[in-house]
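Number of protein chains: 2
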Amino acid sequence: MNTDQRRSFLRAATAALATSPWLSSAGQGRAEQAPLPHDMGNMPASWTGKEQIGMLLYPGMTALDFVGPQHMFTSLVGATVHHVAKTMAPVVSDSQLAIMPTVTLARCPRDLDILFVPGGGAGTVAAMQDTQTLAFLADRGSRAKLVSSVCTGSLLLGAAGLLRGYQATTHWATHALLTAVGATPVQARVVHDRNRITGAGVSAGLDLGLTIVGMLRDGTYAQTVQLLAEYAPSPPYNAGTPDTAPPDVTAMVAGMFKDFDPQVRAALQVAQGDRSATERRVK
Amino acid sequence: MNTDQRRSFLRAATAALATSPWLSSAGQGRAEQAPLPHDMGNMPASWTGKEQIGMLLYPGMTALDFVGPQHMFTSLVGATVHHVAKTMAPVVSDSQLAIMPTVTLARCPRDLDILFVPGGGAGTVAAMQDTQTLAFLADRGSRAKLVSSVCTGSLLLGAAGLLRGYQATTHWATHALLTAVGATPVQARVVHDRNRITGAGVSAGLDLGLTIVGMLRDGTYAQTVQLLAEYAPSPPYNAGTPDTAPPDVTAMVAGMFKDFDPQVRAALQVAQGDRSATERRVK
Chain A
1 MNTDQRRSFL
11 RAATAALATS
21 PWLSSAGQGR
31 AEQAPLPHDM
41 GNMPASWTGK
51 EQIGMLLYPG
61 MTALDFVGPQ
71 HMFTSLVGAT
81 VHHVAKTMAP
91 VVSDSQLAIM
101 PTVTLARCPR
111 DLDILFVPGG
121 GAGTVAAMQD
131 TQTLAFLADR
141 GSRAKLVSSV
151 CTGSLLLGAA
161 GLLRGYQATT
171 HWATHALLTA
181 VGATPVQARV
191 VHDRNRITGA
201 GVSAGLDLGL
211 TIVGMLRDGT
221 YAQTVQLLAE
231 YAPSPPYNAG
241 TPDTAPPDVT
251 AMVAGMFKDF
261 DPQVRAALQV
271 AQGDRSATER
281 RVK
Chain B
1 MNTDQRRSFL
11 RAATAALATS
21 PWLSSAGQGR
31 AEQAPLPHDM
41 GNMPASWTGK
51 EQIGMLLYPG
61 MTALDFVGPQ
71 HMFTSLVGAT
81 VHHVAKTMAP
91 VVSDSQLAIM
101 PTVTLARCPR
111 DLDILFVPGG
121 GAGTVAAMQD
131 TQTLAFLADR
141 GSRAKLVSSV
151 CTGSLLLGAA
161 GLLRGYQATT
171 HWATHALLTA
181 VGATPVQARV
191 VHDRNRITGA
201 GVSAGLDLGL
211 TIVGMLRDGT
221 YAQTVQLLAE
231 YAPSPPYNAG
241 TPDTAPPDVT
251 AMVAGMFKDF
261 DPQVRAALQV
271 AQGDRSATER
281 RVK
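Residue numbers (my numbering), protein chains in the order written: chain A, 1 to 283; chain B, 1 to 283.
Worth flagging that the hints you see were computed from the coordinates, not collected in a lab. Ideal placement from N, C-alpha and C gives every residue a C-beta, glycine not left out. Treat each hint with caution, since some may be false.
[As the list claims (entries may be wrong)] Covered stretches of chain A, going by a simulated chain B footprint (3 or more residues, C-beta under 8 Å): (1) 66-72; (2) 80-94; (3) 189-200; (4) 210-218; (5) 231-245; (6) 248-257.
Model the full structure from these sequences, guided by the hints.
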């Protein structure tokens with residue numbers, strides 16, 4: 001595309017994207033989620049999708065793990081984003097943010113373009129021992145075009161057997177646990193191996209989500225989403241990784257995970273027991 | 001503090017912070033928000049607060065504007081974070097995320113340490129014309145120790161008369177509107193003028209929230225929160241500001257705000273009319 005073509009392409013797309021939820025009142029006040037009435041007439045065909053995206057909600061998950069990617073996924077014009085939970089009751093995060101599901105595990109579409117799982121602490125350990133949650137993940141994950149997570153969400157994917165033989169990442173303090181679910185730990189912000197794409201701790205969800213937007217549309221679309229979210233981060237401190245944080249701060253945060261490691265390993269034994277039992281039943 | 005003292009200080013604090021919501025199961029499954037039973041015995045006194053923090057929820061707000069700061073504020077051990085809305089019904093964001101309030105405008109504590117307002121598009125314009133919301137902001141904002149916002153939330157603060165004579169920021173595409181509420185626009189990620197502290201577009205809420213954590217505790221505490229959230233952002237594109245985005249992408253996003261400017265100016269006339277009427281009644 002030359003510059004003139006590119007300008008004309010972008011001009012045509014503007015009208016369509018301007019009807020995205022951010023600047024449109026179309027979605028206001030509705031408790032039920034439904035496709036927005038986007039004006040797709042002017043939109044380049046490659047900028048419109050029909051993705052079905054299932055994002056798992058569970059008690060004690062970290063809300064920011066969920067909302068970073070949710071912001072990015074809902075910028076995909078034409079996509080439908082489902083907030084999936086065991087029941088339709090509000091799901092309370094580890095920071096006491098209560099989010100309403102849009103659909104139950106049972107009624108979530110069977111074939112998803114993206115299956116997404118947020119992380120957390122004690123809540124994630126509990127979810128790793130929940131048979132219904134693990135069965136949902138194993139089922140949808142077996143057919144989803146992309147299987148993704150943020151933070152310790154990868155350990156939950158792993159508990160459902162979805163990361164065996166894949167490279168993956170998780171919160172920096174929990175990397176050793178990836179081997180316990182049969183994955184190969186990689187220290188990176190976003191790790192993409194075939195159709196598995198996992199993000200590092202909590203805030204990495206913004207980078208993961210924007211990466212997926214670029215994969216499903218194109219770089220120009222993703223840049224538009226980035227500029228609309230003014231995603232030019234400027235943390236007031238430089239302590240986001242163990243490499244840059246003062247050693248004492250790193251030791252302190254590592255200490256907070258002292259009990260998490262054995263709890264996850266114990267939960268995995270429960271999950272693996274469940275899976276073996278299911279496999280025996282299937283045989 | 002020398003190194004040994006610092007180590008001992010951090011060791012003592014670890015036990016207390018390890019009981020923070022992230023790794024504790026204390027808060028799981030509760031729909032109502034309440035102070036967590038932190039073990040503060042080992043905690044340096046300066047690391048524990050009693051802040052009352054009121055975060056406004058309104059229909060059509062941008063969820064990520066809210067959840068970035070909410071993640072950071074809830075890491076303040078001892079603080080109580082209220083999610084405040086007109087009624088106790090779920091509040092649906094512009095990305096169709098439905099969040100449950102913890103308290104109504106009427107029952108929100110009268111004296112807040114932080115009053116926080118997220119931004120949005122059409123939803124923010126609507127909130128700028130809502131008499132009850134404006135009266136709440138004007139009242140709590142008149143006594144709050146810190147008055148803060150992310151993105152176009154500053155225009156909503158401004159509609160309530162809270163930014164007259166203050167330096168402030170907002171989403172990059174809406175800076176011209178700050179003068180319409182009597183503020184002085186400053187192009188920066190986070191702008192702090194006396195007790196007003198405002199953030200740029202959407203994702204700036206993480207930087208704003210972490211900045212406030214550092215102000216209310218200290219740099220070491222904030223670095224611990226940053227490392228726990230692995231906040232070492234690495235956007236896959238470099239298009240987060242008009243300075244770095246391709247010019248066509250910038251023109252496209254600016255075009256999306258074409259109708260926003262006159263809508264906000266019209267809403268401000270309504271808000272100013274309401275305020276004049278209230279002032280006349282008070283006289």
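List, from low to high, the hint numbers that the structure doesn't satisfy. none
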